[in-house]
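Student: Sequence:
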Amino acid sequence: MVPGLDLPEEEARRVIETIASSGTFWIEWDQVKTILSVKLKQVWGDYPEAKMTTEEQSASLGETHQELVTRLDEALLSFDEGPPFTLQRLCEILLSAQSIYPKLSKLALALEKNLLVTSMLTSCSNQQMMIQESENPEKAGEEVKMQSSLEQDGIDVVMGDRDVTVAAMEEADVEEGISADMDTFGEIVGPSETSSPPPITPS
20 MVPGLDLPEE EARRVIETIA SSGTFWIEWD QVKTILSVKL KQVWGDYPEA
70 KMTTEEQSAS LGETHQELVT RLDEALLSFD EGPPFTLQRL CEILLSAQSI
120 YPKLSKLALA LEKNLLVTSM LTSCSNQQMM IQESENPEKA GEEVKMQSSL
170 EQDGIDVVMG DRDVTVAAME EADVEEGISA DMDTFGEIVG PSETSSPPPI
220 TPS
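Residue numbers (the working numbering): 20 to 222.
You may find that some hints are simply not true.
Pairs of lysine to aspartate or glutamate residues, derived as DMTMM-like cross-links and limited to a Cα-Cα distance of at most 25 Å, are as follows [to be verified]:
{"hint": "1", "residue 1": "132", "residue 2": "92"}
{"hint": "2", "residue 1": "132", "residue 2": "36"}
{"hint": "3", "residue 1": "125", "residue 2": "111"}
{"hint": "4", "residue 1": "132", "residue 2": "93"}
{"hint": "5", "residue 1": "70", "residue 2": "92"}
{"hint": "6", "residue 1": "52", "residue 2": "93"}
{"hint": "7", "residue 1": "125", "residue 2": "74"}
{"hint": "8", "residue 1": "70", "residue 2": "131"}
{"hint": "9", "residue 1": "122", "residue 2": "75"}
{"hint": "10", "residue 1": "70", "residue 2": "100"}
{"hint": "11", "residue 1": "122", "residue 2": "49"}
{"hint": "12", "residue 1": "60", "residue 2": "30"}
{"hint": "13", "residue 1": "60", "residue 2": "100"}
{"hint": "14", "residue 1": "52", "residue 2": "30"}
{"hint": "15", "residue 1": "125", "residue 2": "100"}
{"hint": "16", "residue 1": "122", "residue 2": "36"}
{"hint": "17", "residue 1": "132", "residue 2": "111"}
In short, the hints are calculated from the structure, not lab data.
Start from the sequences, fold in the hints, and give me the full structure.
Tutor: Here it is in structure tokens:
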């Protein structure tokens, strides 16, 4: 069982694997955080450098093993409202850490890069979308890829912004429609409304 959760380790690994492959999950974000926190500490402890003395760790990493793990874990747990937009990459790293980063110092830099961010995923924070993932994983995965594309274009994907953006777009469409209708009205009426009536000639 995963410490702090009534969840078998096999199920916890499946959660991480699903996030790594599609970017989606079907349980509460707080539970996912706990799973990732436990996995982070397990992965860290598998490296030979983790068994060095504190002096050797400080010389190699700039801080002790415990200090670095605590700092990274606190960064992960600080995401209270939703997951970081780097969640999928984070899970990929945790699943294959030693094959991707043979040295612990490289792993530390990669984890820092993926945890010390401010933007969050709206799609994964939507509970309904998480549940739909099990019914249509391909569609859910495409939605997450679209969110990642927005981030790469420099657009922050922060919780709650979507409704505001949609409302603004709808308002703009309405205003554009009114403007178009007025132009059409002007074409129909023509210049007769603006020109002066012809003078009346006395009979």
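Student: Give a verdict on every hint.
Tutor: Taking the hints in turn, this is what the structure says about them:
no., hint, result
1, 132 to 92, "holds, 13 Å"
2, 132 to 36, "holds, 20 Å"
3, 125 to 111, "holds, 15 Å"
4, 132 to 93, "holds, 14 Å"
5, 70 to 92, "holds, 19 Å"
6, 52 to 93, "holds, 11 Å"
7, 125 to 74, "holds, 19 Å"
8, 70 to 131, "holds, 21 Å"
9, 122 to 75, "holds, 14 Å"
10, 70 to 100, "violated, 35 Å"
11, 122 to 49, "violated, 30 Å"
12, 60 to 30, "holds, 18 Å"
13, 60 to 100, "holds, 23 Å"
14, 52 to 30, "holds, 14 Å"
15, 125 to 100, "violated, 29 Å"
16, 122 to 36, "holds, 23 Å"
17, 132 to 111, "holds, 14 Å"
Hints 10, 11, 15 from the list above are not met by this structure, while the remaining hints are.
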